[in-house]
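With the hints as your guide, set chain B with the ligands onto chain A.
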Amino acid sequence: MSTPTESILNIGRTDDETALPAESFIVKYPTVARVVRVCFAYAFVALAVGGLFGVIQALHRTNVIRVIDSADYYTLLTAHGVFLAIVFTIFFLAGVFAWANTRSLERPPLNPRFTWLWVGTMSAGTLLSGGSILAGLVAEIDVSADVLFTFYAPLQAHPLFYIGLALFVVGTWLAGIDWFRQYLDWRADNPDERIPLQSFMVLTTMLMWYLSTLGVAIEVVVFLIPWSLGLMPAPTPLLTRTLFWFFGHPVVYFWLMPAYLMWYTVLPKLSGGRLFSDPLARVVFVLFLLLSTPVGIHHQYLDPGIAEGFKFIAMTNTMFLLLPSLLTAFTVVASVEHGARQNGGEGYFGWLTALPWRDPAFTGMMLAGLMFAAGGFSGMVNAGMNINYLVHNTIWVPGHFHLTVGTAVALTFMAAAYWLVPRVTGRALYSRPIGLFQVVLWFIGMTFMSAAMHRGGLAGIPRRTAEPEYSKFTFEAVVGTISSLRLQIAFGGVLLFVSLVIFLANIALTAANNEPATGLKTDLPPALSGPEQSPQVLDELKLWAIIAIVLVILAYSLPLWSIINGAGFYQDGITASPQVVQPVLEVLI
Amino acid sequence: MSRLSPAALLLIGAALVPIAIEFPVILTFVGIRNFSFGLSFALFGLVFLAILVWSEVADVIGSSAGS
Ligand code: HEM
Ligand SMILES: [Cu+2]
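Protein chains in written order, with my numbering: chain A, 1 to 589; chain B, 1 to 67.
None of these hints come from the bench; they were simulated from the model.
The beta-carbon is built from N, C-alpha and C at its ideal position, and this holds for glycine as well.
Careful, some of the hints might be misleading.
Stated by the list, open to error - Under 10 Å between C-beta atoms, here's a sample of chain A residues computed to sit facing chain B:
(1) Trp357
(2) Arg358
(3) Thr363
(4) Leu367
(5) Ser431
(6) Pro433
(7) Leu441
(8) Arg455
(9) Ala459
(10) Thr474
(11) Val478
(12) Gly480
(13) Leu487
Isolated chain A (complex conformation):
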């Protein structure tokens, strides 16, 4: 008998290895397949814990069932945010990127030890941060981190939480280095070729990630860790908020771009066709690299201490950022329609019936895309400087991002898992009909929960509170009653949780399935309009990185300068010398 961990790590060993074709990913790159499996295992454990807390929260704040004390609400909310929005998403995308970079460059990473190094660093970070959040539930342990996934001052967590976060981010940096080294190795062999599309997407995303994580690295390493260790005074909230959101907006594209990678490169194949345009896909990823970061201030429209003009610039950049998403909607739908017509679909809308709706991977991604459109609309409301005042900090905002990260990303990842897990384990998906039911159930649950959250937000119900009912005050819904909205949130949350449990069970049964996966031979088809039709300049990664840096300097240098001049680094005019150094300085001077 193998131990549980061994069996997780060995899920690629089917009894009948020879049943897998020689050109399948798992046979060609067994080590990378194993890395992907480990990343997915972390992602799914985080999904399970985070999802459980999600339904507890939804039932608690709607007063339907209360299993926790309201005093523990923030511990759960922090765990929900960190486990789902940081651990689940980033571990899963690390697996997707490792797979995509390897298959499109047709070579494994140069040094498997280095690959395991980043997996290990991310794991250690996750265990430290996650552990210190969960320790908040145990009264006997004097560690807690109830600072929510937007960890800025004045809320303070245990140092282990911040150290874990720093390790986790360093792990992602190392992963990026691994993928760039893989690319440079390929470049040495192919000096004149265009970067393969999937690799191009991985590299542009990682460039964006390096740029944007600078903000959070400075926040955590320079301010939060020394403060939580008691070495330095509390930093100005506005400064840490600004540094956090410098990273906090681009991180949403870090979640989204792997979902786009699947929509651009896998979805067309699932629909029986080919990607409509390779050049458009490249343009989209370049635009995200350029525009993701200089917009973070749109999360701070209500922060005093940042001039309106800077907020206006952030708003303008944000509206430009809609463009690549609209381009994506066009390209993806065009590719899918092309696939449908290949399968004999006809008419203006009749082609829709010629699509593989029974395939959970296809239907899941399509439903995710549909909900993303709705999320885009509510996002435009968030992004408008003036109407943001209406919805700021209300439950409208969770309504919005459960459509984007909670569905466009999470449902795409689940759908992608139905397609990818057989490819990295060599085992057949346990049940396609159950998978189909699961993705549709997620869609239904999210329709209930998210629509009701949006409406509750318009009525003024706040987010992030265990007790949204105030005495001597009643919220008024635009349509229907507040109690019916509450029930819809609770009901939707329960459906989502059931969907999640079904997903995890289906994946676990797949990992234990002794039937070999089929259909592993086919590769992803080339685009209709291929890379030879896209301008060479799109592949100039250095150029785009430099422009991205310049845009960030333009958008952030003046606001940061004025924050530092106005509020200072530390509160109450405290000077910036370390407290431990202060006595020494006094003796010396």
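Then chain B with the ligands, alone, in the frame of chain A:
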């Protein structure tokens, strides 16, 4: 046989959910306020039932018979 497959019924049912949720809002634009969500769900539940019955008795185009 002329039935919608379970998969088709699942997708049609799912498509009705957002419509049922938005229906009371759409009605406000024509001046009908306070059409409750419960009523809307009941209504679209009936619609779904009607589709189910219809799929049993009619010759549905694109039915998945035999697949
Ligand atoms: C089982 C499914 C889920 C349920 C029932 C659920 C429920 C909730 C609820 C009710 C809140 C608002 C709590 C409040 O503001 O008081 C919330 C917040 C949040 N959810 Fe979910 N959620 C689910 C899945 C997800 C997924 C898949 C993601 C992302 C991948 C996600 C990310 C978040 C984030 C980032 C927050 C904000 C936390 C904060 O305000 O600090 N959720 N969730
Ligand atoms: Cu943002």
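Evaluation of the provided hints:
no. : hint   : verdict
1   : Trp357 : 6 Å, holds
2   : Arg358 : 5 Å, holds
3   : Thr363 : 7 Å, holds
4   : Leu367 : 8 Å, holds
5   : Ser431 : 13 Å, violated
6   : Pro433 : 7 Å, holds
7   : Leu441 : 8 Å, holds
8   : Arg455 : 8 Å, holds
9   : Ala459 : 13 Å, violated
10  : Thr474 : 16 Å, violated
11  : Val478 : 8 Å, holds
12  : Gly480 : 5 Å, holds
13  : Leu487 : 9 Å, holds
In terms of the numbered hints stated before, the structure departs from hints 5, 9 and 10, listed from lowest to highest.
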